[in-house]
Amino acid sequence: MTIGIQEFLIVSGVLFCIGMFGVLFRRNTIIMLMSLELMLNAVNLALVAFSRYNQDLDGSIFVLFIITVAAAEVAVGLAILVSLYRIRDSVMADHLNFLKD
Amino acid sequence: MFLSNTNWLDLLFYVFAVLTVVPAFLMIISRSPVTSAMFMIASFVGMASLFVLLDAFFIAVLQILVYAGAVMVLFIFIIMLLDMDQKEDLRHRSLPAMASMVAFGLLLVMVLSFFKGQFTGPLGTFPAVQEEVTTAYPDQTYDLDNAAPALPFSNKARAFGYGLFTKYMLPFQVTGILLLIAMVGVIVLSKPHKPKGEEAEPEQVQ
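One line per chain: the protein sequences are W and B, in this order.
1 is the number of the first residue of the first sequence in my numbering; add one for each residue after it.
1 is the number of the first residue of the second sequence in my numbering; add one for each residue after it.
Read the hints as simulated data drawn from the structure, not as lab findings.
All values derive from a computational prediction rather than experimental measurement.
Among the hints, a few may not be true.
[Claimed, not checked] Covered by chain W, according to a simulated footprint, are these stretches of chain B (three or more residues, beta-carbon under 8 Å):
no.: 1; segment: 40-52
no.: 2; segment: 101-109
[To be verified] If you want the footprint, here are the derived chain W segments under chain B, 3+ residues with CB under 8 Å:
no.: 3; segment: 20-29
no.: 4; segment: 44-56
[What the hints assert, rightly or not] Residues on chain B that point at chain W, a partial pick, calculated with CB under 8 Å:
no.: 5; residue: 56
no.: 6; residue: 57
no.: 7; residue: 73
no.: 8; residue: 74
no.: 9; residue: 76
no.: 10; residue: 113
no.: 11; residue: 151
no.: 12; residue: 157
no.: 13; residue: 160
no.: 14; residue: 166
no.: 15; residue: 182
no.: 16; residue: 186
Heads up, the beta-carbon is just placed ideally off N, CA and C, and yes, glycines get one too.
Let the sequences and hints guide you as you build the complete structure.
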């Protein structure tokens with residue numbers, strides 16, 4: 001195949017940019033969490049591409065750890081979101097200003 | 001590579017890249033959280049197919065299992081439990097929105113110009129995969145001068161298990177402890193908040 005590592009890295013970089021844009025642009029915290037997942041996945045894609053390119057498995061094994069951490073992060077983040085929703089009845093980021101008032 | 005026709009593989013790469021990037025962007029700009037969750041899972045399945053193109057079959061399967069099986073169900077469950085299908089107005093022209101658009105453009109230009117022409121020619125193409133799983137791991141004499149050598153790439157799940165239980169034994173166990181901590185944290189967080197003792201006054205939160 002004539003597709004090299006460069007194309008995969010560009011896809012990974014574009015995905016990371018979209019994820020960062022989502023975190024900054026959206027106010028819904030659930031979608032912000034989804035964008036965080038997207039950024040972690042973009043890093044996974046770059047790691048696997050480099051691992052395939054350098055012919056060693058270490059990057060691919062690191063992806064397993066990233067997936068584990070991402071799953072744990074989503075679980076804890078959504079639990080925090082649920083308890084915030086119980087207090088504020090909203091998950092919008094600009095309604096969560098306890099320290100201001 | 002599991003397919004031999006090179007043109008097909010190039011075409012597949014572009015199809016999968018579009019299948020990954022376009023739903024990711026639609027996930028960001030869709031107003032309802034349920035639609036966003038659906039686009040997220042479409043994007044992650046596209047990324048799993050990109051992993052297949054990279055001969056990482058095990059990671060591709062894991063991606064679908066974890067994200068389509070666990071994470072999306074978690075998101076959908078939380079959206080359902082909170083009953084918060086609130087539509088967000090995305091046409092707000094606030095300063096953070098404009099700043100995030102500018103940051104998105106700048107970062108995109110930076111990434112594209114950084115990777116463009118970085119790995120071109122035969123240097124940028126992937127070498128062939130060895131079919132044999134080498135389990136010949138050198139002796140465990142952990143001297144720091146020559147640290148553990150890199151594991152050879154393989155597309156077999158057995159190689160992952162071998163790496164996890166030899167070279168990455170300690171991180172593997174730390175990951176288990178991390179999952180335990182996350183589980184305990186979620187249980188503590190999701191308990192209904194009750195003030196301690198009988199004499200506690202009702203909550204002051206408005």
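Do the hints match the structure? See the list:
1. 40-52: holds (count 6)
2. 101-109: holds (count 5)
3. 20-29: holds (count 8)
4. 44-56: holds (count 10)
5. 56: Holds, because the Cβ-Cβ distance from residue 56/B to chain W comes to roughly 5 Å (cut-off 8 Å).
6. 57: With a closest approach of 11 Å, the residue 57/B hint is violated.
7. 73: 11 Å, violated
8. 74: Given a least distance of 6 Å, the restraint on residue 74/B holds.
9. 76: 10 Å, violated
10. 113: This interface hint is violated because 10 Å lies over the 8 Å limit.
11. 151: 4 Å, holds
12. 157: 11 Å, violated
13. 160: 6 Å, holds
14. 166: For residue 166/B, the interface hint is violated, since the closest Cβ of chain W sits about 11 Å away, which is over 8 Å.
15. 182: 4 Å, holds
16. 186: 4 Å, holds
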